[in-house]
Amino acid sequence: MSVLTVKEEIILSALWMLGRSAYGGILRDKVVKLSKKDIVYGTLYNLLEILIRKGYVKSRKDTPTPVQGGKAMTIYTLTDEGISALKATKELHENIWKEWPVPDLGVSKK
Amino acid sequence: MKIYSNKKPPFLAKQLLKYLFRYNERHSIVEDSEYTYVKMLENSGIHKAKLWYWKNVIRSICGYLKLHAYWRFIMFKNYMKITLRNIKRQKVFSFINISGLSVGIACCILMLLWIQDELSFDRFHKNTNELYRVISKIPTSNEIIHNARTPNAIGAALVDQYPEIVNYTRYQGFEGRLLECNGKTNTNDIMAVADKAFFEMFSFELISGDLGSCFENRYCIVITESMGRKYFGNEDPMGKIINIIPGPKIPFTVTGVIKDIPETSHLQFDYIIPFDNTVWWDADLKNWKITMYYTYIQLQKGSITEDVNNKISSIIKDHEKTAIVEVYLQPLKNIHLKSKLAGDFDNFKQGDIKYIYIYCITALCILLIACINFMNLSTARLNRRAKEVGLRKVIGAQKKHLLSQFLGESVFLSLFALILALISVVIILPTFNSLTNKHLTFDFSANLILFALCIGIAIVTGVISGSYPAFFLSKLQPVNALKNFGFKNGLTGIYLRKILVVAQFALSVIFISGTIVVYNQLDFIRNKPLGYDNSNIINTYSYFRGPINNFDVIRKELLEYPNIINISRAKPPNLELFGNTSVQWEGKNQKVTLYPVDVDFSYLETFSMTMKEGRFFSKEYTSDYNNYVVNETAAEVMGLKNPIGTKVRYKPRDETERTGVIIGVIKNFHQNSLHNSIEPMVFYLGNVLGSNSVKIKPDNIPETIAFLEKMWEKHVPNYPFLYSFLKETIDDFYVNDRKTGTIFSYFSLLAIFISCLGLFGLTSFSTEQRKKEIGIRKVLGSSIFDVTLLLSKEFFENVVISIIIAGPAAWYIMSKWLGGYAYRIESGVPAIILACLIATLTAFVSIFLQIIKVAWANPVDSLRTE
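Protein chains in written order, with this note's numbering: chain E, 1 to 110; chain F, 1001 to 1866.
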């Protein structure tokens, strides 16, 4: 059972929400919004490293902006294994939280 | 809303991020952080943005380092394991390596201690940087003589005339003065005289008494702590009376006690009295012609020595029109090591900066030899690590990882060697102290610099020694390494090894030849004919300035004793001479320094000297009281072709002027030590007041001494009977040289030891390599002799090259050293040849057994593959 830690879960989820791939900066913004806590790039990258090693995320360098001194930023992409891991985790959570009362006030999907 | 013209994140933080967060290959932290920073600028303002950015930088880097350190630690454990395993597996090589390095590092540490001590002389005074000694520069016909003594009145004049000079003191030391205290008499204490300013200028700490009162009148005496203990036990010495007996007994009151003078001071004394007391023996303190005392001055802070020197150089001429002597200042710090001056007797334990360089270089050479060993042996064993390197590279190690692994290994070995070296230094230190006549302590708590230097030496040694193997190994291609083609049959680095062995050997040869030359020179000095006979002569001392009454009567009594051959009260040949320029003679056309010596009628016979021309003083000629005898050098220097009959006029101090003629030329003999050349001496009959030299028969010496003592007590009742043998006194001049010789020989031993260790290791490796080759050769028909010859050929090649390099180098170094002696052996060539032979022999012995072992081996065993 490929279960993710909470932080990993947040990151993968954020990545999914952003359309399966994103720049590091955008990713971080989303993670901060989701978790409502600040996260530093160092921590983020450490976690991404672990995820990359596990095969859930792929990273590649984007083409540099056509400006002199343009930066080549890395793009992180969610892989299929990552998606299945997310699915498994979601199922696990659903199992755990089955009995928990959920408030039914407009939960907007985003 | 503020317009942010500069949307760049804080520069310092960005740079830190760029260089310390090493994931940059994969993650673009710098760019991402900048993106967020810009967003924060817009959303929350510049302060929050900057704060966030710094937080980002610091936390990211910390997190990275933590992770990094963790992995580093894991690798470190692995490296340690491998290193220890290697050491255990190759015990012999590791032992050779580590012991060689330990010896080298121990030598360096001992040298450091010694050099530190030597360089710290006279630094403990508060005013060290402003204290100077005044030196006289005396031009003579052939050279300029630098004399550490200056005219008596110069100190006061300097302070008066030049505002930069704020204080002065005169100083003089005396040994063997008689003092009496509480009924005990003694002459062992060293006396000094100085002005009151002495205590202001120098920092000899007063335990009791104070600066103002310690020299308040002429009869004050300040003693050292240990002297106080010697005479007064635990009582307070202040106020007690000590009698000094220069003639009549004079009571001095103790007005101060100073702490014992540290070893690292060139001024050493047991008690000190005010300078005014010198009137006993020297009534003329205003004389500008005679240089007798040392003058120390204190410059104003911030004065430039050069400028002051230029101003004061002609001060003697200002006061004494006929003087030709100039002066200049010698910094206090230079006195111990850089003081090659005449008349510098009160410079205790004087060292020579030459020796510091020599010992420094020597120690470094030994360390170098050890490093060469290390490099050699490691290079030879590269084979064994090839597979490991290949595997590591396959798994993913990079060149820099491998480099750090191997360098770390050699630094580790080096640190281990350091520990052993520290232990050996602690053990050897007492012997070293007795050899160098010091009291060095190996105390890290007081000497942090030493500690840092030790560690530094070890690390540098490790890095240097391990560099070549490390670089080589890290360059290996994994495939080749794993397939065992990494090293072509163990011939890698063979040229480097050759060079290193040759260098090592050459260094050893230089060391040995150095030792041999030093010993030869010492031998030569010891046995060189001095021009007089100093055997069986006893010198006694009387330190009062007054003729012994009825000496003629005493003399007759002494001569009646069968064992006594002759007595002379003249200045014996072991004492140093004082030169001056006031001797006048017919035809003198330039100022020349001559050395007048006062003698008596029996001088020539007592010391068995010989005349070259003319005759010596004799009682038959009453005019001889005004006549002179010169030595050969004097005749030359005075420019006299026929010296006999030349009129000479001279006024010795405290005596009448005498005008007479030269009646004879005495054959040159060596006054004082062979370090000095023969000075031009002018002899005259004076009121000889110095020591007695008694020439005795070599038999029954104890009896003779007992008789002399009895006679002494009878005629000179207040003074203890002190005597010494002239030959021993003269031998003592060369104590330092002998010590140098001993130290050098130890160094040579060490150098040869390490070199042989190295050779041993290398040979065992190469013979092991060639086992199969030898086996095949034997099978094909070589005899044992042929094989031995083959194996030795390489060795002899190295030897020959080493000798070619070492020979000229050794000769050059030796000539430089010998140049410091006025009288020396011809050349070092025989010594160098001998050294080469010795080195070759020892080296050969160390490898001989191995060669023989391999040559004798049964080819079956060698060729068998398991």
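Among the clues, some could well be false.
Far from chain F, by Cβ distances over 12 Å, these chain E residues were calculated [to be verified]:
hint: 1; residue: 3
hint: 2; residue: 13
hint: 3; residue: 28
hint: 4; residue: 34
hint: 5; residue: 43
hint: 6; residue: 55
hint: 7; residue: 86
hint: 8; residue: 99
Calculated pairs, SDA-like style, for lysine to any residue (alpha carbon to alpha carbon, straight line, at most 20 Å) [as the list claims (entries may be wrong)]:
hint: 9; chain 1: F; residue 1: 1249; chain 2: F; residue 2: 1264
hint: 10; chain 1: E; residue 1: 30; chain 2: F; residue 2: 1264
hint: 11; chain 1: F; residue 1: 1338; chain 2: F; residue 2: 1324
hint: 12; chain 1: F; residue 1: 1014; chain 2: E; residue 2: 39
hint: 13; chain 1: F; residue 1: 1126; chain 2: F; residue 2: 1264
hint: 14; chain 1: E; residue 1: 33; chain 2: F; residue 2: 1122
hint: 15; chain 1: F; residue 1: 1739; chain 2: F; residue 2: 1729
hint: 16; chain 1: E; residue 1: 61; chain 2: F; residue 2: 1026
hint: 17; chain 1: F; residue 1: 1651; chain 2: F; residue 2: 1739
hint: 18; chain 1: E; residue 1: 33; chain 2: F; residue 2: 1044
Which chain E residues face chain F? A few, computed with CB under 7 Å, are given here [claimed, not checked]:
hint: 19; residue: 22
hint: 20; residue: 25
hint: 21; residue: 41
hint: 22; residue: 42
hint: 23; residue: 45
hint: 24; residue: 47
hint: 25; residue: 73
hint: 26; residue: 84
Simulated from the structure, these hints should not be mistaken for laboratory data. Glycine is no exception: its CB is placed at the ideal position from the N, C-alpha and C atoms.
Hinted pair, alpha-carbon criterion (20 Å max): residue 33(E), residue 1122(F). Please report holds or violated. 73 Å, violated
Was the hint right that residue 25(E) lines chain F, CB cutoff 7 Å? 4 Å, holds
Does residue 41(E) pass the interface check with chain F, least Cβ-Cβ distance below 7 Å? 5 Å, holds
Report holds if the minimum CB distance from residue 3(E) to chain F is greater than 12 Å, and violated otherwise. The claim stands: residue 3(E) keeps its Cβ more than 12 Å from every Cβ of chain F (closest is about 22 Å).
Using Cβ atoms only, decide whether residue 73(E) comes closer than 7 Å to chain F, and label the hint accordingly. With a minimum Cβ separation of about 5 Å from chain F (threshold 7 Å), the hint on residue 73(E) holds.
Supplied contact hint for residue 84(E), tested at 7 Å Cβ to chain F: Constraint on residue 84(E) not satisfied, violated at 24 Å.
Given the hinted pair residue 1739(F) and residue 1729(F), is their Cα-Cα distance within 20 Å? At roughly 16 Å apart (the allowed maximum being 20 Å), residue 1729(F) and residue 1739(F) satisfy the hint.
Residue 55(E) clear of chain F by more than 12 Å, beta carbon to beta carbon? The claim stands: residue 55(E) keeps its Cβ more than 12 Å from every Cβ of chain F (closest is about 15 Å).
CA of residue 61(E) to CA of residue 1026(F), is that 20 Å or under? Distance of about 8 Å is within 20 Å: holds.
Nearest-CB test (12 Å) between chain F and residue 86(E): Consistent with the label, residue 86(E) stays out of reach of chain F, its closest Cβ about 22 Å off (over 12 Å).
Please verify that hint: residue 45(E), Cβ, nearest Cβ of chain F, below 7 Å or not. Holds: closest Cβ of chain F sits about 4 Å from residue 45(E), inside 7 Å.
When you check the alpha-carbon spacing of residue 1126(F) and residue 1264(F), does it fall within 20 Å? Cα-Cα ~14 Å, so holds.
Consistency note: the structure conflicts with the earlier hints numbered 3, 5, 9, 10, 11, 14, 17, 19, 24 and 26.
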